[in-house]
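So the protein lines, in turn, are chains B and G. No gaps in the numbering here: position 123 of the first sequence is 123 in this note's numbering, and each next residue is one more. No gaps in the numbering here: position 182 of the second sequence is 1182 in this note's numbering, and each next residue is one more.
Hints in this document: simulated from the structure, not taken from any laboratory. Note that CB positions come from ideal geometry on N, CA and C, so glycine has one too. Just so you know, not all the hints are guaranteed correct.
As the list claims (entries may be wrong) - A few chain B residues facing chain G, derived, Cβ under 8 Å:
#1 N37
#2 V38
#3 I110
#4 P114
#5 L132
#6 A133
#7 E159
#8 A160
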Amino acid sequence: MLPVDIRVQKYVRSGILSVDEVKRARKRLLQMHYESNVGHIGGNLSALDAMLVVFHEYLGPRDRFILSKGHSAGALYVTLWSLGLLNDDDLKQFHKDGTLLSGHPPAAGIAEIPFATGSLGHGLSLAAGTALAFRIQKQDSRVYCLTSDGEWQEGSTWEALIFACHHQLENLTVLVDHNNLQGFGTTTDVASMSPLWERLRGFEVEVECVDGHNYDSIRQVLNVCPNRLRIIILKTIKGHGVSFMENCMEWHYLPLKQDQYLQAIQQVDAQ
Amino acid sequence: MVFLTGDLGFMALEPLQKAMGERFINAGVAEQNMVSVAAAMAREGLEPWVYSIAPFCYARPFEQIRNDVAFHKLPVKLIGNGGGYGYGVMGPTHHAIEDYGVLLSLPNMSVFVPVFDEDIDAVIERIGTTTRSAYLRLGRGEPPKGYMVPSYAPWRQLTVGAGQVVIVVGPLAGTYIAAFSELPDALRPNLWVIAELPLEENPLPDNLLHQIKGGPGLCVVEEHVRRGGFGSELLLYLANIGVLPTRFTHLFARAHHYERYGSQGYLRKQAGLDVTSMLSVVVQT
């Protein structure tokens, strides 16, 4: 990992992400999963685009990103790699013995990862607490929190929402990776509160729905700083970018076989 | 410092609320969120104290204490009011008889069980300075009238005699002092109280070990269930250092026996923790 002073330089906005950088990150994600023979690929592909935009273009050195959707740690590691904060050797240790790059974010050891999430429903509270701490300390910083859609079934997420609204945490931006699939069915089949954005609009929040894979749409909404808590519903596709994975629940779990990996890389290259 | 309460503190926390302003946060009836918020605040360098009725402090948000506080070794201070059967006839939903056993299963956790009301200042000071996570099990001091409370220490000997060693966790000890003091020397137990756990952080004093080794027996008493409580922790500690008592009894809170309800005193009696039951155990000729 890079020394802290180089990290600070890289953290300052480096301009708009290029299509090539995005493709590179997507391919590196597939490579990392293939080499470690590990699943959670579908959810990582649905979350990766938003993470890349936030980290490259919006997150300052004193801001925080909390991945409440902890099983998308792989996407977070690749995002940090794309910024030069993790290197190829680090990614090769994904899921290996003695690694820091575990299946869900580690509790310590990577400065940009403040919490070991992985149990759904914790991250929004952690984000709200961080945002409130910034206010008490009069620190002009922002907190971004990425949740899954399924974790809005956890009651604790609603506790956090009530708290964040009540305390008017305008320095908190919540992103929901809304890919409609969860562990054992679609979100509509399992515990429907569809559409989630209508439920959220009952609170004092700004709710926006955007295409979670359209960078300009994401930028358009992130460029505006509302004066209250904001929730951005990213309408995403599980397995986005790889045709045989898209909208398939099994790609929450399965690792890639070699022929699938090569096919996936080909598809990303052709995008 | 920040103070978070789970919507509790009527006629108790008003002065604190006034003094702390925006740093006093009523987090509402949402303990899981409250603990995670506290963890995040600790991560950002604040000193969070979290208050609720004891079971709502440790049972409801246990995963948050485990994942958000303990995994990150954050110095969050949890205050649980009404440890043991403290809430009496309010019923078992308000009792905390598994609290410190469960919490001590987590890394980096210190537990404080003040014995007397006079202990509070010193205990708060210690909790304030520790870098570990902390749980304060609040109860009610019950010494005999006119009793000279010894100044605070994690371990204190309250009565001296040639009888068994009796080690009690927390304020329950106060209910035994008068009866033990009236016993003849030959039968009077060496009554010790412990107010801080785990034992690795608060090892037994040498003279206590000496009394256990040479004495007629050891009785451990706690307002906590048998499994995972202080009794098993102490025996494991003693076994590891090769000191075992000639005789051992354990008095503990009985779980899941609530056919009838009542005050803390009534429930202690049901569990065999009252002074009469205690005397019949330790004073055996």
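How the hints compare with the structure:
no., hint, result
1, N37, "violated (26 Å)"
2, V38, "violated (22 Å)"
3, I110, "violated (13 Å)"
4, P114, "holds (6 Å)"
5, L132, "holds (7 Å)"
6, A133, "holds (4 Å)"
7, E159, "holds (4 Å)"
8, A160, "holds (5 Å)"
This entry does not satisfy hints 1, 2 and 3, going by the numbered hints stated previously.
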